[in-house]
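Chemist: Residues per chain are reported as follows:
Protein chains: 2
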Amino acid sequence: MTIETLSELLHERKFSALIEALDEINAVDAAEFMATLTDEELPTVFRLLKKDTAAEIFAELSPDLQEQIVKSMSDKELSGVMEELFIDDAVDLLEEMPASMVSRILKTTSPERRHEINRFLKYPEDSVGSIMTSEWVSIYSSLTVEKAVEYIRKTGIDKETVYVIYVTDPRKILVGILELRDLLFAKPEELISDLMQTSIISVQTTDDREVAANAISKYDLLALPVVDSENRLVGIVTVDDAVDVIQEEATADIEMMAAITPTDKPYLQIGVFSTFLSRIPWLLILMLSATFTGIIITHYESALGQMVVLTAFIPLLMNTGGNAGSQTSVTVIRGLSLGELRMGNIFRILWKELRVSILCGLVLSVVVFGKAMLLDRASAEVALIVAVTVLATVVFAKLVGACLPILAKRLGFDPTVMASPFITTIVDAVTLLIYFAVASSVLEL
Amino acid sequence: MTIETLSELLHERKFSALIEALDEINAVDAAEFMATLTDEELPTVFRLLKKDTAAEIFAELSPDLQEQIVKSMSDKELSGVMEELFIDDAVDLLEEMPASMVSRILKTTSPERRHEINRFLKYPEDSVGSIMTSEWVSIYSSLTVEKAVEYIRKTGIDKETVYVIYVTDPRKILVGILELRDLLFAKPEELISDLMQTSIISVQTTDDREVAANAISKYDLLALPVVDSENRLVGIVTVDDAVDVIQEEATADIEMMAAITPTDKPYLQIGVFSTFLSRIPWLLILMLSATFTGIIITHYESALGQMVVLTAFIPLLMNTGGNAGSQTSVTVIRGLSLGELRMGNIFRILWKELRVSILCGLVLSVVVFGKAMLLDRASAEVALIVAVTVLATVVFAKLVGACLPILAKRLGFDPTVMASPFITTIVDAVTLLIYFAVASSVLEL
Numbered sequence: 001m002t003i004e005t006l007s008e009l010l011h012e013r014k015f016s017a018l019i020e021a022l023d024e025i026n027a028v029d030a031a032e033f034m035a036t037l038t039d040e041e042l043p044t045v046f047r048l049l050k051k052d053t054a055a056e057i058f059a060e061l062s063p064d065l066q067e068q069i070v071k072s073m074s075d076k077e078l079s080g081v082m083e084e085l086f087i088d089d090a091v092d093l094l095e096e097m098p099a100s101m102v103s104r105i106l107k108t109t110s111p112e113r114r115h116e117i118n119r120f121l122k123y124p125e126d127s128v129g130s131i132m133t134s135e136w137v138s139i140y141s142s143l144t145v146e147k148a149v150e151y152i153r154k155t156g157i158d159k160e161t162v163y164v165i166y167v168t169d170p171r172k173i174l175v176g177i178l179e180l181r182d183l184l185f186a187k188p189e190e191l192i193s194d195l196m197q198t199s200i201i202s203v204q205t206t207d208d209r210e211v212a213a214n215a216i217s218k219y220d221l222l223a224l225p226v227v228d229s230e231n232r233l234v235g236i237v238t239v240d241d242a243v244d245v246i247q248e249e250a251t252a253d254i255e256m257m258a259a260i261t262p263t264d265k266p267y268l269q270i271g272v273f274s275t276f277l278s279r280i281p282w283l284l285i286l287m288l289s290a291t292f293t294g295i296i297i298t299h300y301e302s303a304l305g306q307m308v309v310l311t312a313f314i315p316l317l318m319n320t321g322g323n324a325g326s327q328t329s330v331t332v333i334r335g336l337s338l339g340e341l342r343m344g345n346i347f348r349i350l351w352k353e354l355r356v357s358i359l360c361g362l363v364l365s366v367v368v369f370g371k372a373m374l375l376d377r378a379s380a381e382v383a384l385i386v387a388v389t390v391l392a393t394v395v396f397a398k399l400v401g402a403c404l405p406i407l408a409k410r411l412g413f414d415p416t417v418m419a420s421p422f423i424t425t426i427v428d429a430v431t432l433l434i435y436f437a438v439a440s441s442v443l444e445l
Numbered sequence: 001m002t003i004e005t006l007s008e009l010l011h012e013r014k015f016s017a018l019i020e021a022l023d024e025i026n027a028v029d030a031a032e033f034m035a036t037l038t039d040e041e042l043p044t045v046f047r048l049l050k051k052d053t054a055a056e057i058f059a060e061l062s063p064d065l066q067e068q069i070v071k072s073m074s075d076k077e078l079s080g081v082m083e084e085l086f087i088d089d090a091v092d093l094l095e096e097m098p099a100s101m102v103s104r105i106l107k108t109t110s111p112e113r114r115h116e117i118n119r120f121l122k123y124p125e126d127s128v129g130s131i132m133t134s135e136w137v138s139i140y141s142s143l144t145v146e147k148a149v150e151y152i153r154k155t156g157i158d159k160e161t162v163y164v165i166y167v168t169d170p171r172k173i174l175v176g177i178l179e180l181r182d183l184l185f186a187k188p189e190e191l192i193s194d195l196m197q198t199s200i201i202s203v204q205t206t207d208d209r210e211v212a213a214n215a216i217s218k219y220d221l222l223a224l225p226v227v228d229s230e231n232r233l234v235g236i237v238t239v240d241d242a243v244d245v246i247q248e249e250a251t252a253d254i255e256m257m258a259a260i261t262p263t264d265k266p267y268l269q270i271g272v273f274s275t276f277l278s279r280i281p282w283l284l285i286l287m288l289s290a291t292f293t294g295i296i297i298t299h300y301e302s303a304l305g306q307m308v309v310l311t312a313f314i315p316l317l318m319n320t321g322g323n324a325g326s327q328t329s330v331t332v333i334r335g336l337s338l339g340e341l342r343m344g345n346i347f348r349i350l351w352k353e354l355r356v357s358i359l360c361g362l363v364l365s366v367v368v369f370g371k372a373m374l375l376d377r378a379s380a381e382v383a384l385i386v387a388v389t390v391l392a393t394v395v396f397a398k399l400v401g402a403c404l405p406i407l408a409k410r411l412g413f414d415p416t417v418m419a420s421p422f423i424t425t426i427v428d429a430v431t432l433l434i435y436f437a438v439a440s441s442v443l444e445l
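Protein sequences, first through last, are from chains A and B.
No gaps in the numbering here: position 127 of the first sequence is 127 in the numbering used here, and each next residue is one more.
No gaps in the numbering here: position 271 of the second sequence is 271 in the numbering used here, and each next residue is one more.
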């Protein structure tokens, strides 16, 4: 069922066929269809949807379409949609809406739900609390399998997942976990306490959401319990939310590595001015930081006036240093964010990078010596100066590239700010200093 | 239960407590403990494990530990482990083992399993076929819920997931999908044909594995069916494998953007020489491509000899151009790999980048003009030359950065090769040409 087919149904006014189709297809695709509707069609079609389908599709719409629908609804209709939404989708909605809309939405929800939503809204943006949901299935360990299944059938229908079942004691402390498949293959009279896993992997509400996502990825979980400091169950993070976190964090890392302030919207949905704002600060900072290289070159101006041939190798040296440094910094940054590298590994990393950089540096300096002599017809002295500078630069760049991200993390910053452009600026300045120092001593300028 | 506690149990020779603990904790953690054992301890502890726990832990071990264990096992023991492994883990194992080991392992498996493994081994490395598994639950649409549950209880125990159930006809053609939760909340006498979803999202074995991972992420699926050209079900991809694909592909993209040949091992597990090999080709290519900038500078050697002040701005211009270009190329590459951008969007992208680049270029050129005059005490002519070059460079760099990845994709290459270092090389050369052209016309050199 393509968007075109759905549009045809709409334009031929075959509403019941359209509603049936929207009910049948995936909510993500249905939301893509809704985004093609005109301002008049959107609320009309939305009103025709079944209550639960409407909530599912609503959760997948972009914030501006959600706002448009909320505006067109009566308080009663709005209240219906809000009660059907999963708690995390309701919170996401409120985070995107303008303030006046937020208070109207909160007014239409039931007091218990409002209380719950407010609790979620208080968690910091990148915390586990901000992505968890409070709709899980929990049972007591004294139940038999038969009773547990009966209880889940009665209470599980509006829960985000019924496949992972949490065993809590009367104080809500998490004592065990089991999967629905364990119940499926157990005998009816077996006890939950005998079936449940007691070795539990959990996170806290204040942990970084990446910690939760990495745990779900590492242990192949469908859902991860979130507990408070007394080990009481307060929420769960499901694998589909973890997937979103993993993709968003990878995109943010890639953007920061390319000197862009991360945004959480797709490229085509961001306006020209917002895109400009996410890019210009870094371009400015990096441009102004090139002042150092300018000062160094100006300082050696008279020497360069005599030996302009040295100038021709400046881009080659700076690029090679920058590339060598960013290879290392990017590798270390990715290792840190996947949890493969820790601060304790710093000496192992430095020792490895030292050896790799000497290997790379030697190969590059032999090649550049040959190129300078044969291709650029430089003198042996100049070729030697360039070759020595390449070796020293590559070793320096790789060691700096390894240290800075780890240092940044140690100081509590995001290591990603230490990616390529930043490293390049430092490496550029040092490369020139090495170059002119070597040149001065060889040529006695 | 930490690794230290487990080691204590081992050294106090409390084997039954150790085995019980390894059975209780997550297989990933158990594998981390196994990796700390000596060459003698490893096979001994492994032999003590329960058969199904052994297979679970084995699947999480690194290839060299797997090899060590396989070597220490009799054919009979090996055959036991192979039958317990999920098919995708068995295939992964065989892909990592040396050839002599592979034939020994295949000899110990049952003919049906051997046939199935061989089929999987034939799929290309990055295809859906290489990550799918053949252990799913399928039922006929004519069953009642009660009969279906009975059937799943009987056949589902060794399946990779029982939460997504596939409905096929006698020719194995996929006709519907339902979730175990649908069965849980249905009445016993309802028919599968009335409950199942018939609008099915599926992929083919030859699709790129990223297509499957993106579909699972987009539609929040627990598993995705893989069909052949006649819509017969041949496998499923589960969400945990999709998560691995998403993380591996993001890492590979990041590495390629930093001019590193991607590897699929964690940093600390790669040897110095392999790391060197993954980095040196790109450093060499990029260094040699700086020949162009060298030629351009040499060409203007006499002019530069007269105006060494122009040299001082070369690093600033090249860095700014490079950064502006990589901001755009990285954004476009990420959009392409997340499926947010397509080739059809090229004109929309170019039009947006044109406007963003003019905004960025204007701000940067005003700032650099002020900086050149006030901070560097350059003449008004030189400041003007630099400012005009910055504007032209930023616009050029952003348009090239938008075009090249899309062009690469169009030609069937991975757009990621068009990331920062490659763009920088092109932008560097063009920046210098613009700079000297502007300088010549202003200063009449």
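Calculated directly from the structure, the hints in this document are not laboratory data.
Any given hint could turn out to be false.
In this list, chains with the same sequence are indistinguishable; a pair is considered to hold if it fits within one copy or across any two.
As the list claims (entries may be wrong) - Here are the simulated PhoX-like cross-link-like pairs (lysine-lysine), alpha carbons at most 25 Å apart as the crow flies:
hint, residue 1, residue 2
1, Lys187, Lys51
2, Lys107, Lys76
3, Lys51, Lys218
4, Lys50, Lys159
5, Lys371, Lys14
6, Lys51, Lys159
7, Lys265, Lys352
8, Lys76, Lys51
9, Lys371, Lys409
10, Lys50, Lys187
11, Lys154, Lys187
12, Lys371, Lys172
13, Lys218, Lys50
14, Lys51, Lys371
15, Lys187, Lys147
16, Lys50, Lys409
17, Lys51, Lys172
18, Lys172, Lys122
19, Lys71, Lys371
20, Lys14, Lys172
21, Lys352, Lys371
22, Lys218, Lys371
23, Lys187, Lys76
Chemist: Is it within, between, both or neither when you check Lys187 against Lys51 at 25 Å Cα-Cα?
Modeler: Classified as between; 22 Å across copies, 37 Å inside a copy.
Chemist: Given a CA cutoff of 25 Å, do Lys187 and Lys147 count as a within-copy pair, a between-copy pair, both, or neither?
Modeler: both (12 Å within a copy, 17 Å between copies)
Chemist: How do Lys371 and Lys172 come out at 25 Å by Cα distance, when the copy is not named: within, between, both, or neither?
Modeler: Answer is neither: 72 Å inside a copy and 63 Å across each miss the 25 Å cutoff.
Chemist: At 25 Å max between alpha carbons, let me know whether Lys51 reaches Lys371 within a copy, between copies, both or neither.
Modeler: For Lys51 and Lys371, neither the intra-copy (72 Å) nor the inter-copy (61 Å) Cα distance is at most 25 Å.
Chemist: Please sort Lys51 with Lys218 into within, between, both or neither, judging by C-alpha distance up to 25 Å.
Modeler: Answer is between: at 23 Å across copies they meet the 25 Å cutoff, but 37 Å inside does not.
Chemist: Are the CA atoms of Lys14 and Lys172 at most 25 Å apart within a copy, between copies, both, or neither?
Modeler: neither (51 Å within a copy, 34 Å between copies)
Chemist: Are the CA atoms of Lys51 and Lys172 at most 25 Å apart within a copy, between copies, both, or neither?
Modeler: Close neither inside one copy (32 Å) nor across copies (35 Å); limit 25 Å.
Chemist: Check Lys107 against Lys76 for me: Cα-Cα at most 25 Å, and say if that holds within a copy, between copies, both or neither.
Modeler: Within one copy only: 11 Å inside a chain, 68 Å across chains, cut-off 25 Å.
Chemist: How would you classify Lys371 and Lys409 at a CA-CA limit of 25 Å: within, between, both, or neither?
Modeler: For Lys371 and Lys409, neither the intra-copy (40 Å) nor the inter-copy (33 Å) Cα distance is at most 25 Å.
Chemist: As a check of your reading, is Lys352 near Lys371 (CA-CA no more than 25 Å) within one copy, between copies, both or neither?
Modeler: Classified as neither: same-chain Cα gap 29 Å, cross-chain 41 Å, threshold 25 Å.
Chemist: As a check of your reading, is Lys265 near Lys352 (CA-CA no more than 25 Å) within one copy, between copies, both or neither?
Modeler: Only across copies: Lys265 and Lys352 sit 15 Å apart there, 38 Å inside one copy, limit 25 Å.
Chemist: Is it within, between, both or neither when you check Lys50 against Lys159 at 25 Å Cα-Cα?
Modeler: within (19 Å within a copy, 35 Å between copies)
Of the numbered hints given earlier, the model fails hints 5, 9, 12, 14, 16, 17, 19, 20, 21, 22 and 23; all others are met.
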